[in-house]
Amino acid sequence: MQPLLRMQGINKSFAGVVALSSAGLEIAAGEVHALIGQNGAGKSTLIKILTGVYRKDSGDIEFEGAPLNAQSPREAQDNGIATIYQELSLVPLRSVTENVIMGYEPRTRFGFIDWKAAHDRTREILSGFGIDIDVTRPLGSYSTAIQQLTAIARAVSLNARLVIMDEPTSSLDDREVETLFGVVRGLKARGVSVIYVSHFLDELFHICDRATIMRDGQTVAVREIASTTKLGLIADMLGRDPEEIAAAGMTDLGGGKGEAGELLLDARNLSTRRMLRDVSVSVRKGEIVGLGGLLGSGRTEAARAIFGLDRLSAGTVSTHRTPAGFSDPAEAIRGGVGFLTEDRKAEGIVPEMSVRENMTLALLPALAGKFSLDRAREEEIVKKFVDALGIKLASIEQPIRELSGGNQQKVLLARWLALEPDLLILDEPTRGVDVGAKFEIQSIIREYVEKGVGVLLISSEFEELVEGADRIVVLQDGVSVTELRNPGITEEKLIGAIAQSHEGAEA
Amino acid sequence: MTDQAQTPSPQSRSLAMNGFDWKRLSRHGGLIALALLLLINILITPNFLQLQTLFVNISQVATIAIVAVGMTLVIATAGIDLSVGAVMAVAGALAPLIFLSDFAQANPSLGLALSIAVPILVALVCGLFNGVLVAYLGVQPIIATLIFFISGRGIAQVLTNGNLQTFSHPGFSYIGTGKILGLPFQGWLVLVIAVVFWWVVNRTMFGRRILAVGGNEKAARLTGTPVRRVKIGVYVISAGLSGIAGLIVVAINSASDAARIGNLMELDAIAAAVVGGTLLMGGKAPIFGAILGAIIIQLVKYTLLANGVADEVALIAKAGIIVLAVYVQQGRKE
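Just so you know, the sequences run in chain order A and B. Using this note's numbering, the first residue of the first sequence is number 25, and each one after it goes up by one. Using this note's numbering, the first residue of the second sequence is number 717, and each one after it goes up by one.
Any given hint could turn out to be false.
Claimed, not checked - Pairs of lysine to aspartate or glutamate residues, derived as EDC-like cross-links and limited to a Cα-Cα distance of at most 20 Å, are as follows:
#1 934/B with 334/A
#2 934/B with 366/A
#3 212/A with 202/A
#4 934/B with 376/A
#5 475/A with 507/A
#6 80/A with 99/A
#7 72/A with 240/A
#8 934/B with 355/A
#9 369/A with 933/B
#10 934/B with 352/A
#11 934/B with 367/A
The set of hints was computed from the structure by calculation and includes no laboratory data.
Take these sequences, add in the hints, and give me the full structure.
Next up, the structure:
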């Protein structure tokens, strides 16, 4: 049978950097097709080329048997390709009906909008998905799931032949996910195809027929979901041999406790409303504990919960100084904990402020005298860290936004080191910095650990975890499933543990 | 690597392309405008170089300047305070009610103290109300302060039954008409307030935190900044300063008209802050810039009025200044 969509030999570079290299994708009619891969594998670039957001450098796209070269998202939509984004492009204050029929309103004889027909049509579309709601109420008064489903309903009402869902479940709770799955099955039953992009591999086994796996800008495998396993998918994503992973993962898991060093952090059975379900992790003095896992496994969320940024719905956090945990970051900082965020731009730097002001932001209470901040001491501390960390700048009064990424990251690291913390939570400390700065940052971390600081390290780079961490707690879908300890951790063993625990969780 | 840190900033590069020095213009634009205004006035305005002219302008600019300082702090947190004029009206309506009361007539000095302290206290409570709406209930600042913008003046008029209160009270009038070293009292007050808040912004933890909240709220929270308390703080300060300004207006006029005190003050204060270099997206709090902005706005008003231009036209001129200031700000950003 002729496929609905066939993309072949797609190439795309951004300013000389290859994003896609001879990538392909084939979707059959009425198929739910997963598109998976690590961050940077090229999934979203491929999707954006399909939907007309980007132009391909070369390659062929065939849709419903005819060549397709969408120049804009609107053109893709007119051709029957609808995209449901994570951030919904709907109007929350207008009614459900208006959102569904926007731009395609039924008219009365006199050219006015025929509201009765519009409501009826909307109700009919939604009930086709098993949703029965008051379509005259504002869309914003319904849950995210309903809003998402409305977006899908709109897509279907525009006679979409292919619906692309990008991480559709990332902000849904379990019940809402079920509703969404129902809708996806409904689409399939009508012969509409779905491209399903998700980091949650479990979901794929519930609703997908096939999966295309991408790695480094290439399509590396197409699998029948029914005849593969999560281990197999992960092996494809990471480019490893599944048997090797399985074999490596079987040995040397866990191990006895009993190293020296005072217990600094003991987090038990953490769960939050959204992501975490049961995470336990402890850190001792002078120890680097890694959090391993795929994207979406709850690593950052665990760190945020420990630091008091997100509210716990269950579980306990205790540190050696504060047995009751923290209700906000200020308390955590007073308790000797620092948290280097993974998102330097959005949550790290204050761009207009100087390097000096950025570095001492968390230290202010210690610098505050009776009437004013101790400027002399502030400058002394800042200069000390600029020298110690080798931060390249013109002056400490220079706005931080003018520094390179690596130097900004060092300033943010110094922000926490200046507190002389007992425990540092480092979320992707070397992301987006050049190789030289990366090495320097790693050796700074090591130096402080040798002085007795405990580190909770999150990194998507397995190498960094494997070489840096004394222990690695492996997370999967918000649950800490196992623990590896050095010496003896290899990349294969870590990958194996991530995959193994997937299999284990299913059993 | 070293050279990377010293590469020209985007601004200086863009100026090379535009052939126009936005950065320098926006840094010294205020002073240039002030110099131009003075020059024009000396040339065309009759009796401009009289001491009396100076006094009139100082007493007029004082209220704008005082309110603009508070406004600058609020805008620095990426907020805005529309309620300043209404808070002035409430404070201004309360003061005569207190010192004209029987109790105050019987206890003159206590009455005077209360007639200053109570209105300011009430103003602070108004600020607390604004701050809580913004910080705890997450209401957008423009909406949160719009509530008091509308209701505050109503409250003031209800307090006074809509009557114009006139009085003769030398003690209270000192706020508006007193002189120290030959210069109006409120001029000195502006100076003190400006120095104090310059100090707060540049030398204290609270000031640093104001700029952090406006500069990147998420980063501020992550570094332990009590974001909510900082926000409440700036609205309370803004309202307190508005209260003081309300008292000054009443003292100058020896009369209190709840319908007119602080009318359109929010626009003057925002204009002064913007002309002074405050970024509306937050993160900057140039206190003396706001004072300079207030002086410029006042001088433009004075120039037009002293040369017989109608008040309505003066309003249009003011709008022009704001547009120009924002334009220069945009130029600096790019």
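A quick look at each hint next to the structure:
1. 934/B with 334/A: holds (13 Å)
2. 934/B with 366/A: Status holds; Cα separation ~13 Å.
3. 212/A with 202/A: Status holds; Cα separation ~15 Å.
4. 934/B with 376/A: holds (14 Å)
5. 475/A with 507/A: Violated. Residue 475/A to residue 507/A sits at ~24 Å, over the 20 Å cutoff.
6. 80/A with 99/A: Since the Cα atoms of residue 80/A and residue 99/A sit roughly 15 Å apart, the hinted pair holds (cutoff 20 Å).
7. 72/A with 240/A: Holds. Residue 72/A to residue 240/A sits at ~16 Å (cutoff 20 Å).
8. 934/B with 355/A: holds (16 Å)
9. 369/A with 933/B: holds (12 Å)
10. 934/B with 352/A: Measuring from Cα to Cα gives roughly 13 Å; hence the hint holds.
11. 934/B with 367/A: holds (10 Å)
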